[in-house]
Amino acid sequence: MSKRLNQALYLSLMILVIFGLWGALQVSFDTLTTKAPCPDVGGVPIWYLVTVGYLSMFLSVLFSASKRANSLFYLGWGLVLIIALVGVITEIVLGDICPVNEQGIPLCYLSLALCLLIVSLYFIKSKLQNRK
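Take the position in the sequence shown, starting the count at 1, then add 8; the result is the number in our numbering.
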């Protein structure tokens with residue numbers, strides 16, 4: 009794989025993961041300060057779990073040379089994906105479940121879209137690296 013393409017994929021992936029992590033941290037803070045309460049699972053606000061998922065993806069991309077980076081990435085991604093899917097389905101069926109952004113778009117929709125974009129880039133990067 010060309011070095012430039014690898015760098016571009018790495019940078020794009022890192023930017024998207026940081027964007028997701030930053031958003032999750034903001035919502036987690038809003039939940040903590042009760043500015044934007046969020047549903048919880050077993051007493052833990054869902055956005056705290058989303059933050060852990062994005063943090064896991066961030067660490068795996070940051071330390072991609074590690075043997076466990078792949079497992080760490082998919083663990084975090086799977087957590088975020090499941091929460092986003094459940095959020096989207098619940099939002100469609102029941103309405104007004106997920107926190108919304110300033111434009112009124114439920115954050116679970118945005119998290120699902122971001123999650124799918126991130127895994128697509130990660131998959132492409134992995135496939136291209138395996139061609140070496």
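Everything labelled a hint here was simulated from the structure, so no lab data went into it. Mixed in with the good hints there might be a few duds.
Here are the simulated lysine-lysine pairs, DSS-like style, with alpha carbons at most 30 Å apart [unchecked claim]:
id : residue 1 : residue 2
1  : Lys11     : Lys133
2  : Lys75     : Lys11
3  : Lys133    : Lys75
4  : Lys133    : Lys43
5  : Lys43     : Lys135
FRET-style restraints, in silico, Cβ to Cβ [said to hold, decoys possible]:
id : residue 1 : residue 2 : range
6  : Leu125    : Phe37     : 35 to 41 Å
7  : Asn14     : Glu110    : 16 to 22 Å
8  : Leu70     : Glu110    : 18 to 24 Å
9  : Gln111    : Thr42     : 21 to 27 Å
10 : Lys135    : Val49     : 17 to 23 Å
11 : Val52     : Leu125    : 35 to 41 Å
12 : Leu70     : Ile90     : 36 to 42 Å
13 : Ser74     : Arg139    : 19 to 25 Å
14 : Val49     : Arg139    : 37 to 43 Å
Idealized CB from N, CA, C, for every residue including glycine.
Structure-based check of all given hints:
no.: 1; hint: Lys11 - Lys133; result: 12 Å, holds
no.: 2; hint: Lys75 - Lys11; result: 21 Å, holds
no.: 3; hint: Lys133 - Lys75; result: 16 Å, holds
no.: 4; hint: Lys133 - Lys43; result: 38 Å, violated
no.: 5; hint: Lys43 - Lys135; result: 42 Å, violated
no.: 6; hint: Leu125 - Phe37: 35 to 41 Å; result: 24 Å, violated
no.: 7; hint: Asn14 - Glu110: 16 to 22 Å; result: 36 Å, violated
no.: 8; hint: Leu70 - Glu110: 18 to 24 Å; result: 30 Å, violated
no.: 9; hint: Gln111 - Thr42: 21 to 27 Å; result: 22 Å, holds
no.: 10; hint: Lys135 - Val49: 17 to 23 Å; result: 34 Å, violated
no.: 11; hint: Val52 - Leu125: 35 to 41 Å; result: 26 Å, violated
no.: 12; hint: Leu70 - Ile90: 36 to 42 Å; result: 23 Å, violated
no.: 13; hint: Ser74 - Arg139: 19 to 25 Å; result: 21 Å, holds
no.: 14; hint: Val49 - Arg139: 37 to 43 Å; result: 40 Å, holds
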